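**Q** Chains as they are written, first to last, in numbering that gives the first Met the number 0: chain A, 0 to 219; chain B, 0 to 641.
One or more hints might be untrue.
To be verified - Partner residues aside, some chain B positions facing chain A, computed with beta carbon under 10 Å:
| no. | residue |
| --- | --- |
| 1 | Q561 |
| 2 | K567 |
| 3 | R568 |
| 4 | R622 |
Stated by the list, open to error - 20 Å max Cα-Cα, derived SDA-like pairs, lysine to any residue:
| no. | chain 1 | residue 1 | chain 2 | residue 2 |
| --- | --- | --- | --- | --- |
| 5 | B | K572 | A | D66 |
| 6 | B | K604 | A | D66 |
| 7 | B | K629 | A | G104 |
| 8 | B | K144 | B | A162 |
| 9 | A | K67 | B | D518 |
| 10 | A | K207 | A | A183 |
| 11 | B | K604 | A | I65 |
| 12 | B | K563 | A | A183 |
| 13 | B | K572 | A | F61 |
| 14 | A | K94 | B | P626 |
| 15 | A | K41 | A | R170 |
As the list claims (entries may be wrong) - According to the in silico footprint, chain B covers these stretches of chain A (three or more CB under 8 Å from chain B):
| no. | stretch |
| --- | --- |
| 16 | 94-103 |
| 17 | 152-164 |
Quick caveat, the hints were computed from the structure, so don't treat them as lab data. None of these values were measured; they are calculated from a predicted model. Beta carbons are placed, not taken as given, at the ideal position from N, Cα and C, and that holds for glycine.
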Amino acid sequence: MFKSIIQLTNLKSDLFMAKKKVLILLAHPSLHRSAVNAPLFKQAQKINGVTAVDLYYEYPTFHIDIDKEQQRLLDHDVIIFQFPLYWYSTPAILKEWQDLVLEYGFSYGEDATALHGKTFFCSLSAGGKAEAYQSDGYNHFTIRELLNPMEQMASLNGMIYLPPFALFESRAASETGHLQQHLAQWQILLEALVDDRVDLRRVQKLQKLNQYIDDIIKKD
Amino acid sequence: MTGYFLQAFIYLAAAVIAVPIAKRFGLGSVLGYLMAGVVIGPVIGLVGEETVSIQHFAEFGVVMMLFLVGLELEPKMLWAMRNRLMGLGGLQLVGTTLSVMGIAIYFEQSWTIALTIGLIFALSSTAIVLQTFNEKGFNKTDGGKNAFSVLLFQDIAVIPMLAFIPLLALPELIEKAQNTLVSAAATHEELSLVVGLQGWVYALVITASIAVVVFAGHLLSRPLFRFVASSGLREIFTATALMLVIGIAALMSLVGLSPALGTFLAGVVLANSEFRHELESNIDPFKGLLLGLFFITVGAGINFTLLFNDFSLIIGLTVGMMLLKALILYALAYIFRIKNSDRWLFTLSLAQAGEFGFVLLSFTVQSHVLPSEIAQTLSLVVALSMFLTPGLFILFDKVILPRFQLASNKRESDTIDEKGTVIIAGIGRFGQIINRLLMANGIKTVVLDHQANQVDVMRKINTKAYFGDVTRPELLHTAGIEEASMLVVAIDNRESSVDLVKYVKHTYPHIKILARAFDRGHSYLLRAAGADFIELETYYSALESGAVAMRCLGYHPFFVEQQKSAYKRTEDKQSDELYQAWANESQGDRFDNNYRKLFIELEDKIKLAMSDDRLGKHSGSERGWTPPPKDYADKQSESDNH
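Chain A extracted, bound-state conformation:
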């Protein structure tokens, strides 16, 4: 009796607040050594409405199941690439995933609208300092600029592109305490995405998702 009441109220809140389904595609080729991405992934797994997929676990030989992955995309509203930044881009399997899954006729090309209106962004960790990712910095480009191919990929597929959620100086993050802060922000961000409380239009213009976590959550 009591249980069914709870179920009923859950149902009610579902009805009143449109829940979004979030898909995280993690690419980390050596997860057993990971200090940032592993805890982020673990935390995401526990959140209702979030599907967290470890691509290297599922496709250790890179034989990606195209049908399965396309179905996954259809089943979700928010797509996140989670990865450590390798040579200013994703680890190899995420590139392979794009090459295979985002087929002509499925997500781009004539009458292909499978991904239209879905939200897309990258959650990444980088070894360099935040200051290095500036036009006058060591890496000469901002992180958002470096991810331009992703932005254009999203655009060609008709998706709403958000700036990256990034952690810099990731090698020292657990000692400096930045990891804890990042994890807390990650939680807030994912919950807000599930509850559809993110002001997409405002966020789109930013350089990074991080600094604005508190602002992006609409006051109820």
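Put chain B on the given structure of chain A with help from the hints.
**A** Frame of chain A; chain B shown alone:
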């Protein structure tokens, strides 16, 4: 003859009925045997006087048990416990002997009698304690290990005691004995090599016999076992194992040493041998039966008339003796920093008198140290204390342990994640590779094979392998299957591998089984038997060979790789269907029509998956990396112009 059959039947029937009942009520097998003994002895009177002679025979179970204990103890470990052995064991023995002696003198016994009683009561029951430890899994606990050191020290101490006790003989008893008919001294005299030898010669003989055991164990046992194993006859291996134990026991008795000590030593010497598990599984059933018989005779030997005549005295003596022993043990545990539940285990497990007490008692009567009335009373006290011991274990298991567990559960977090052991059955060409990969990753493996020369080869290249027939439940048990998390079945016999999978899945459902199949039919049998993972032994190498052939014919290696995976994918998808068809409609190895139809279908599907894009369509394996159509660029600029 009929009489023997009847007796054997009575003993076996009593055990068969009482032990499972005792186990079901959580009382442990020892109490079950004791009760069985009480029922067939004093209560219904089915057995009588002969129990004493059977008991002497059954004491051999203790000898076998110590052999098995030795097998579990490598010499390194024995050396590591030398402090506990001497310190804890020595203090327990001396402390208990002196306290009992003091109390006996206070009750106006002469000092010789008091000392003898002290020695008898200082010993605990190796049989009951080790059997119960085994059953309840206390062996590995700190309390269990310490209790074992004490027991081992006691077993060793029995030998000097036997030499020392005759010196305490009472003059008036000897006189009495001489006055009565001259007892046939010759029959009492046991067969011995060392009678009448001078002290230094005796010492030499003892040293030499121990050297023989160690030397033979190290150098001769291996060739012997290999020779026997090569015959492939299981019962001959059993005979060899028995011959070994009995031979050592005989040798030790001949030179006046304890057989238990001798076989223990032999066990330690053989602890590193690749035949260890096989020896264990061969001796274990004998040990179990003999010990059971021993416990039954203890129960049957309880003299109820004597007990009821002197009820308060005997109960008082028993409880007093146990309290005193427990007190001393508790103090020692405190001094030696044995903590928490382990302290209680140590205290309660050893607070009884043991089977060596009986041995010493009959010996003291023979050597005129104790008058037989006192010996009878004491014998009853020893038996009663053994009878009460299972109760103490139950007290520990049900009352004390849960309280400590509750306390420790609150403190500790659950971060222990120990990797379970993998048992690899069969270390031929297939098992070897699995073992190497697992070992290189720090995973603990136990490797078993029934071919002694194969085991030899593995040992030469530093792989720990054991000889033995894995299809025998006892061997799997000694290899630790209860604690293992996975079993790899890579043995060369089709039928046995299926039987093994069936047995293990049935008995230990939690264990994952990875089985090697010779062909499709075998893989279905294994699957039907319950194997969790099945790999066909030729599948991957054949697939790879096909790929080599394609590359050799000039196909691009990456394309070949794609075709290979397409083949595998199709095969995987279809295999379930094929299995179901096989399971439903075919019997055993016979493939019926429907199965054949499905198999042809599979061939077609694989062909389809491989087929080239002759029709302008991409093939199954080439689905990936599909470029947009040729007019894509034009269309794109068109839409830009809009």
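**Q** Starting from the hint list further up, note which numbers the structure goes against and sort them upward.
**A** 8, 9, 12 and 17
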